[in-house]
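Chemist: Chain by chain, the residues:
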Amino acid sequence: MNHIVNDMVVRFANVNGTGSASANNLFAKAVFRMGIPVSPKNIFPSNIQGLPTWFEIRINDKGYLGRRDGIDLLVAVNPQSFDKDVKSVRSGGYLVYDSTKKLHAEQIREDINYIGIPMMRLCMEHYQNPRQQQLFKNIVYVGALATLLDMEIEVIENMIKEQFKNKQKLIPSNIQALELGINYVKEHYELLPYRLERRDMVGDHILIEGNAATALGCVYGGATVAAWYPITPSTSVALSFDKFAHQLRMDSDTNKKKFAIVQAEDELAAIGMVIGASWNGARAFTSTSGPGVSLMNEFIGLAYYAEIPVVLINVQRGGPSTGMPTRTQQADVLSSAYASHGDTKHVLLFPSTPAECFELTADAFDLADRLQTPIIVMSDLDLGMNVHMSPPLKWDDNRKYDLGKVLNRQELDELEHFGRYRDVDNDGIGYRTVPGTHPKKGSFFTRGTSRDEDAKYTEDGDTYVRVVNRILKKWDTAKDLVPGPEFSSKNDHPNGIIYFGTTNYAAMEAVELLEAKGIKVDAMRIKAFPFNQEVEDFINQHERLFVIEQNRDAQMRAVFMNELDTNPQKLVPILNYDGMPITANNIFNQISQLIPVSV
Amino acid sequence: MSYIRPVFRHPELAKNAIGYSRKDYEGAISTLCAGCGHDSISGAIVQACYEMSIEPHKIAKVSGIGCSSKTPTYFLGNSHGFNSVHGRMPSVTTGAYMANRDLKYIGISGDGDTASIGMGQFVHAIRRNLNMMYIVMNNGCYGLTKGQESATADKGSLTKSGSETKYPGIDLVGLALELNATFVARSFSGDKTQLIPLIKAAMSHPGFALLDVLSPCVTFNNNKGSTKSYTYIRDYIEATGTVDFVPKEEEITVEYEEGKSTSVQLHDGSTIKLSKLNPNWNPTDKLSAFNRVQEAKMKGEVLTGLIYIDPESQDLHDVMGTVQTPLNTLREDQLNPGMEALERINQSFR
Amino acid sequence: MINWESNVFPGILGRTCDRPCEPACRRGRVEEKPVAICRLKRVAADNKGEVKSLMPRAPKEKNGKKIALIGGGPASLTVARDLAPLGYELHLFDEWHKGGGMMRTQIPAFRLPEEVLDEEVNYVLDMGVITHFNHYVSSMKEVLDQDYDAIFVGTGAPRGRDLKITGREEAAKNIHIGIEFLANVAFEHRDKIGRKVIILGGGNTAMDCCRTSRRLGGDDVKVVVRSPFKDMKASPWEIEDAMAEDIPILNNMPPKEFVVEDGKLKGVIFGKVRAEYDENGRRKLIPTGEPDEFIEADDVIIAIGQDNAFPWIERDLGIEFGKWDIPVLNETTFQSTNPKVFFGGDAAFGPENIITAAAHGHQAAISIHHFCQGLDLMDRPAPGANLVRQKMGIHEWMYDNDIAADLRYKVPHEDKVITLTNRKIEVELGFSVSTAFKEAQRCLNCDVQTVFTDSLCIECDACVDICPTSCITFTMNGEEEDLRQRLNAPASNLTQDLYVSDTLPTKRVMIKDEDVCLHCGLCAERCPTAAWDMQKYLYNVTKASKIL
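Chains as they are written, first to last, in our numbering: chain A, 1 to 599; chain B, 1 to 350; chain C, 1 to 548.
The set of hints was computed from the structure by calculation and includes no laboratory data. Please note that the accuracy of each hint is not assured.
To spell it out: a stretch of chain B is covered by chain A in this simulated footprint if at least three of its residues, at any positions, have a beta carbon under 8 Å from a beta carbon of chain A; those stretches are [what the hints assert, rightly or not]:
{"id": "1", "stretch": "82-88"}
{"id": "2", "stretch": "173-183"}
{"id": "3", "stretch": "206-216"}
{"id": "4", "stretch": "339-350"}
With the C-beta cut set under 7 Å, the calculated list includes, among others, these residues of chain B facing chain C [as the list claims (entries may be wrong)]:
{"id": "5", "residue": "Arg5"}
{"id": "6", "residue": "Pro6"}
{"id": "7", "residue": "Arg9"}
{"id": "8", "residue": "Glu12"}
{"id": "9", "residue": "Gly190"}
{"id": "10", "residue": "Tyr230"}
{"id": "11", "residue": "Gly300"}
{"id": "12", "residue": "Glu301"}
A virtual CB, placed ideally from N, CA and C, is assigned to each residue, including glycine.
The shape of chain A in the complex, shown without the other chains (with noise of 0.2 Å):
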């Protein structure tokens, strides 16, 4: 029998609200420890407990961490999904289920295997308490799912007393839970075709959620102030900077706190409070959703027009309105990008890793001052709530933040004349002063209203215009200075395909599959908004172009169209925006009916 090693999609069904989560965690983490890449899904209600939710783990050797079709091994425990969830195994795949009770017979499938674990039954003889028999259930599993998968043990029996570290006494309790599991599975099955080996496959990869490494991005980038108004999926953002800040930025003499969280009313607040911050030269962000930025709306055309920086984290879910609250996608490109009424385009930095969430948004601050202007960071609901395998956080001691033009006392002194929005060096970056500078010399009113070079009021329409061509010469400076983007082949073919953000894992397998199937294409990354030169490039250097994203409306299709001027007729849509990651084969198929076979 041929044993298929370290290449599946493992899922479980829960229920919300039964502590399913950590002991699903507990498992891909293992996975991970064995050396094998892993690619864990948590997709979950809006809700707080007694709804399904599911964890879908992939493993695969080779390194493929985008969601794949298909679910070999199922482990379901929620009867409200139940009957959902036998149908979504794939044909000869294995469902893993509580045997304490009969299944019904319009539960039973001829072309899938039933593995049953009386669960249920093994926790009550066990366990007396009942938070306990409910908690322990989810270990048990886990013990059962290990053996049949012929997992190192002690892997993962190191794990629970690494996590327990300080509550020694739960310690064999869980133990003995995960033996129940193994145990049982011992006695009663063979091992399973599905195998767990041991290979060195993640070097010194981390596991981390990207909202954590955003989080750190900002303690590393040199946040001092953080408004926050809690919304699904960007909350994490804001507590695990609460988290590393209380580890990382306490004065050691006072042990008082070297940043400030507010959370604030609304999202109004939070990003008045940024800005308020930002004028007074601190550095600061805030994080939010789609509906938070269309909150956020009014306050970002001031920071734009009043060029204020703001870091701006938008972890996007699937909208309209309140849309998908827990679930993934990246349809806030144009109303982030356009963001506010009136002539207004924002910079844009498209992570796709938590690596990149960490050095995309310590960038960011650099980018803010630089530029003074709004920064967004475009993460969403898959790479800031799930734990992605990342290259490990890297910080160069030797980095200086670019604080852009602040004039500090002294350069007020020697300066003839100060002008706010005065042109100096010829990029449309002016110099700005903070409060509390300089006595007599350097004060001006910011403002939302139009004004001149000065910063006096003006309705004056010639004067109105060289400002707002002035902001407009910005543009081109950010070019030059946003990350450009990244290609995995380039010239080489008519064919080309372009993504952004966590569309990265599905797109880069995608293209394989293509190859495997004599499909050529070349491929780019586009990793911020506005696109430099060799964005315009490589768009024009193809015939035609896949733009793949996961949106109803191909919106990055139509920035650039709007802003490369490029014929719509040579970018092809490639879309997902069922609230899920888009997968490989989703592209593959898109992709390759288009496209004839060449031999």
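Assemble the complex: chain A is given as a structure, and chains B and C must be docked to it using the hints.
Modeler: Below, chains B and C alone, put in the same frame as chain A:
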């Protein structure tokens, strides 16, 4: 030409303790209507800051949108100002205060900017006891959009066109008391003798200081029948007491009548002296403040003066536990934990 | 014409006036220098259009009264200008061949070109004045004996003081009296002077003498004054102009002796002194004990003052004279103790200046007119005055209320390499029209009054808040001394009255200290009820005839 102000000032103008003259605290020339109460409040701010000898650049001015919010252009020209968006001044000020706790913050708002569109942010600024002076230039109407009645217009008050206000007005003073504001006062733009010491006290108070200043709109709400007109306010004005502000360095020289005066010591060492008090009112007793406000309301008085002060008010940064150094002055060496710490974090994710 | 109406000699005075008005200019209260009123009058005069046709004319039909005007200077000419339109027959006597008096004899052409002088003198003479030039009146009695209805004496202060010290007689050939020297130059009786010249004296005549000397061959010209530099009588700008022509001014050096060798002047010996002032400010010059100083000189010009001199007026004509040979006059009417005889100009109260002479002339003309018509001389018509509202729109005024911050502009000068070669080349070029406009914008508009109507005031404080110079205060009324202390800005100029309103509804009063009011009109602009108004005030000094 009221769009140009001559550069000359009185050659014998005095200088304050730090060598600045009144001119150093002036702003650009006002573009509000002639006789607007707001301009008097601007004048009072200039005078108060001059007399308090605060360096102009140590003050930041923040406002929302509306006639009131235009005024920060018209005072303290050597201070940075921020004319933000409608009703959002408190959040901008909160952020600014987070960034630099060493500046004094003057927030200017109007009745529309505070009691309608900005009500949410207003109450939360009070809730956090944000260290700022929050002035509402309250004229009971929307001046900049030509005179619509506002949420602070009193029920029964007549508009310029003669129609009657149908809904009860929101009393910002009563609201602030209810929200545990630590400094609550009301004044009148036409009474600088009272307004200037109140501004000084508000700026010295370590917490949220509300100054609800009745400020008649000469163009749209100074008509007969309006309860926010110069005449009406003068006819019905009633003060809680006479206010004097004595800075830390100065000695109290005025004699106050025994039993009819009281003083409140502020954190920075300065003192608010109150005299000619109403016998049933104590500025540090919230219950008596509530009662006094209600009593005035029932009598139809326009109650002005200091209404409540909590001398134990605690600065927001102290509540939050932030460092004394303003956060905006911290640089890489104080902010960045470095690669070594990051590697420890990485390790925790393996 | 406005420029000419009261001033009579705007082109002349715009170049030569002593500027008694400028120290009064309130611009000098808010910064160092007042508005250049004098030089602005010159620009206005230089750039006027055709005015001759606008001038009043003498009626063909005379009124039968005959007036003698003795002396052809500014006082007599003013009297003539004011009386001519009323039909008087005017006879003007002067010892020189042209009119103008001291304006012609004592003011060098490089300060006052002859064309300008002629033009403005002729405006008057052309009004049918019968001139008797080259006619030195040597006897008042003779004049009185003729059939004149009134006589006006405007003969100036024609005698230059001399300095009787050792050597004066011996060196008489090379020692000159200032005003005589200037007159001789003016009438081209003299066109040379020695290489080394010493001018004694520190008044304007001394300045004119030294600068004239520079143009007649004096290349080592010095002014020596006995007192300290700061006590010099000459106008500061005259001193400045002299020094700009490389003329040193040596001070604290009283002359002791003219040194003569071989009958020829060699120089002057000066003592050295310092000034001390007693508690009354009286000055004493105390010798310092330093050795005397000898300064070489080919010529010396004595310009140490002028005296009145009326040797031609017999003392038995009922015209009384007082101290220093000055006639006894009624100070309002300028009438002497002989009712037919009137005095004006320097002849009246001693040396003053041209504009004072013109002022005297206006008053004397009224007196003469009343005298001839049998009216009471003391019953004089009041000066013309009116107030006119200036408001146009929200912030538009009929007057220029934008007070320029510019410092006083300097009048450009011709290059001295050119001017020193020819005494007739005018040194001052005058303001260009555009510079003059800018200079005029410095004016604080004293002619526009802030008028307060207390019944309109709603006490909104708008005027107090806007006033750039903190002039306005609302406070409880009180005694003036106390009020002056309680104002928003100190009112320490006691010569400036406070403007106090009636009691207002809040029991307070409005008090305005006019001292440094800029008349910018901002109080009136910010006033919602027009309680403040800006009203233009026109003052027109009374003249015998209506000119405009």
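Chemist: Any CB of chain C closer than 7 Å to the CB of Tyr230/B?
Modeler: Holds, because the Cβ-Cβ distance from Tyr230/B to chain C comes to roughly 5 Å (cut-off 7 Å).
Chemist: The stretch 173-183 of chain B covered by chain A? Criterion: 3 or more residues, Cβ-Cβ distance below 8 Å.
Modeler: As far as the stretch 173-183 of chain B goes, the hint is violated, because 0 residues have Cβ atoms under 8 Å from chain A.
Chemist: At a threshold of 7 Å, is the proposed contact between Arg9/B and chain C supported by beta-carbon distances?
Modeler: Since the shortest Cβ distance to chain C is 6 Å, the answer is holds.
Chemist: Is the shortest C-beta separation between Arg5/B and chain C less than 7 Å?
Modeler: Holds, about 5 Å.
Chemist: Hint check: is the beta carbon of Glu12/B less than 7 Å from a beta carbon of chain C?
Modeler: holds (5 Å)
Chemist: Three residues minimum, CB to CB under 8 Å: does the stretch 206-216 of chain B make the cut for coverage by chain A? Let me know.
Modeler: Result for this restraint: violated, n = 0.
Chemist: Checking hints one by one. Is Gly190/B an interface residue toward chain C, by the C-beta closer than 7 Å rule?
Modeler: With Cβ-Cβ at 6 Å, under 7 Å, it holds.
Chemist: How about the stretch 339-350 of chain B: do at least three of its residues have a C-beta closer than 8 Å to a C-beta of chain A?
Modeler: n = 8 at 8 Å, threshold three: holds.
Chemist: Three residues or more, CB to CB closer than 8 Å: is that satisfied between the stretch 82-88 of chain B and chain A?
Modeler: holds (count 5)
Chemist: Restraint: Glu301/B near chain C, CB-CB cut 7 Å. Satisfied or not?
Modeler: Interface hint status for Glu301/B: violated (17 Å vs cutoff 7 Å).
Chemist: Can you verify the interface hint for Gly300/B: is its Cβ closer than 7 Å to any Cβ in chain C?
Modeler: The hint is violated - Gly300/B has no Cβ within 7 Å of chain C, the shortest such distance being about 20 Å.
Chemist: Identify whether the interface hint at Pro6/B stands, where standing means a beta carbon of chain C within less than 7 Å of its own.
Modeler: Given a least distance of 4 Å, the restraint on Pro6/B holds.
When held up to the earlier numbered hints, the structure conflicts with 2, 3, 11 and 12 and fits the remainder.
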